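In order, the protein sequences belong to chains A and B. If you use the UniProt record's numbering, the first sequence corresponds to residues 1 to 251, in order. If you use the UniProt record's numbering, the second sequence corresponds to residues 1 to 167, in order.
The set of hints was computed from the structure by calculation and includes no laboratory data. Where hints are given, some of them may not hold.
With a straight-line cut-off of 27 angstroms between C-alpha atoms, the simulated DSSO-like cross-links for lysine-lysine are [to be verified]:
#	chain 1	residue 1	chain 2	residue 2
1	B	K123	B	K137
2	A	K131	B	K127
3	A	K186	A	K203
4	A	K131	B	K123
A short list of chain A residues far from chain B (calculated; beta carbon distances all over 10 angstroms) [as the list claims (entries may be wrong)]:
#	residue
5	N42
6	D46
7	L108
8	E215
Nothing here was measured: the structure is a model prediction, and the numbers come from that model. Yeah, the Cβ is synthetic: ideal placement off N, Cα and C, and Gly gets one too.
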Amino acid sequence: MKNENKIQYIYGIADNALILGQRLSELCGHGPNLETDIALTNMALDLLGQTRSYYQYVAELSGEGKTEDDIAFLRTERQYKNVLLVEQPNKHFGYVITRQFLFDIFHLLLLEKLQNSEDERLAAIAKKGIKEVSYHQRFSSDWIKRLGDGTKESHQKVQEAVDDLWTFTDELFHSTEEDQIALDHKIGVDTIELKEKYYQKVKEILEEATLSIPETKWFQKGGKQGIHSEHMGYLLSDLQYMQRTYPNMKW
Amino acid sequence: MTIKLEQHIDPTLVPILEEISDPEIPVLSIMDMGVVRSAILEDNIAKITITPTYSGCPAMDVIGEDITKAFAKENIEAKVSLVLSPAWTTDWITSRGRKALEAYGIAAPLDEEADKEALLGGKKIVKCPQCGSVNTKMISQFGSTACKALFQCNDCLEPFDYFKCLK
Ligand SMILES: [Zn+2]
Numbered sequence: 001m002k003n004e005n006k007i008q009y010i011y012g013i014a015d016n017a018l019i020l021g022q023r024l025s026e027l028c029g030h031g032p033n034l035e036t037d038i039a040l041t042n043m044a045l046d047l048l049g050q051t052r053s054y055y056q057y058v059a060e061l062s063g064e065g066k067t068e069d070d071i072a073f074l075r076t077e078r079q080y081k082n083v084l085l086v087e088q089p090n091k092h093f094g095y096v097i098t099r100q101f102l103f104d105i106f107h108l109l110l111l112e113k114l115q116n117s118e119d120e121r122l123a124a125i126a127k128k129g130i131k132e133v134s135y136h137q138r139f140s141s142d143w144i145k146r147l148g149d150g151t152k153e154s155h156q157k158v159q160e161a162v163d164d165l166w167t168f169t170d171e172l173f174h175s176t177e178e179d180q181i182a183l184d185h186k187i188g189v190d191t192i193e194l195k196e197k198y199y200q201k202v203k204e205i206l207e208e209a210t211l212s213i214p215e216t217k218w219f220q221k222g223g224k225q226g227i228h229s230e231h232m233g234y235l236l237s238d239l240q241y242m243q244r245t246y247p248n249m250k251w
Numbered sequence: 001m002t003i004k005l006e007q008h009i010d011p012t013l014v015p016i017l018e019e020i021s022d023p024e025i026p027v028l029s030i031m032d033m034g035v036v037r038s039a040i041l042e043d044n045i046a047k048i049t050i051t052p053t054y055s056g057c058p059a060m061d062v063i064g065e066d067i068t069k070a071f072a073k074e075n076i077e078a079k080v081s082l083v084l085s086p087a088w089t090t091d092w093i094t095s096r097g098r099k100a101l102e103a104y105g106i107a108a109p110l111d112e113e114a115d116k117e118a119l120l121g122g123k124k125i126v127k128c129p130q131c132g133s134v135n136t137k138m139i140s141q142f143g144s145t146a147c148k149a150l151f152q153c154n155d156c157l158e159p160f161d162y163f164k165c166l167k
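When you get a sec, could you build the whole thing from the sequences and use the hints?
Put into structure tokens, the structure is as follows:
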């Protein structure tokens, strides 16, 4: 498998972790209470840690003297390959939890497959990530149940979030050209294979949370091709501000 | 990236490594924490391999620098590298490390099964490091750092950290 193809494949996984990590870190100090604030920023940290492992690998593969920072901070919007779901804004706590829940279920299924990748490095990153993402999934699933089966207001808010974010779930299973190449080389994961399990698991938890499953057949897509929603530009300007303003600055 | 289960640690380097503490839990040396995976001396260069507890553990950069500094004091150049596999587990915390945790006020990790019962089933088995009571409750699955959960003792009412089991 050509390095360039592998790099693009890794972006498809790593950029989800970066962008969701960035979204969660925006909440640092703004959580509804101390415990959830700490939980959300802990999860942000896990995701950024995973991102670093992927980007360090990409930096080595690219062989152009690139660093993980260049990859995180100096790409243009179209070069980020994250799904639309993870870039959606932090509207309210129920929305944050729903976005997290819809991603966590997918993320864990993906890593459980990726740990068998014939690429040793990706397998190791996945194995490490599984332990962390299991906690994330537990946290977001618990909160979905608590909010869904909570007060009238919490139920209504989280139901609206589910209805809204549902349209972004189908993209998780779209296969790009790089996905196919990676799969052919036994490096990548067949995301289509995860789809049935994903919806089954999601529905199970939503039902337990007394939430109804949206019936929409219309889904959004584009992130995987680098065509993002209107929120992405704002997110990136926040994310990239320091490196763009003070090139090569370090902590 | 090589996958080695056993640690290769040159015993002559151990005293230096034992002097370096985990920046987030200063009572614990990086040896007791189990994050040093190998340490060998070649041509007066110490090659040290460490592994993170969690992917995003911000302590790793600091530990790397601390190792370099500690060896420089002994006029030894150190090269530190990071491995992810095999992934760190709380089983690698030494028994001396577990005692140090408890003395510091952090409940040491239970085994996998008991950990699940404590974190998910709400079973009262995590022992308060202050008074020893098991009449405790979980406040939050996530504590002050990624590796810990927040608990409170129902008897002495002190809040405390519980080091989560990681396998
Ligand atoms: Zn107590």
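Hints, one by one, checked against the model:
1. B:K123 - B:K137: Holds: B:K123 and B:K137 sit about 8 angstroms apart, inside 27 angstroms.
2. A:K131 - B:K127: holds (24 angstroms)
3. A:K186 - A:K203: violated (30 angstroms)
4. A:K131 - B:K123: holds (22 angstroms)
5. N42: violated (4 angstroms)
6. D46: violated (5 angstroms)
7. L108: holds (14 angstroms)
8. E215: holds (32 angstroms)
Checked against the numbered hints above, the structure breaks hints 3, 5, 6 and satisfies the rest.
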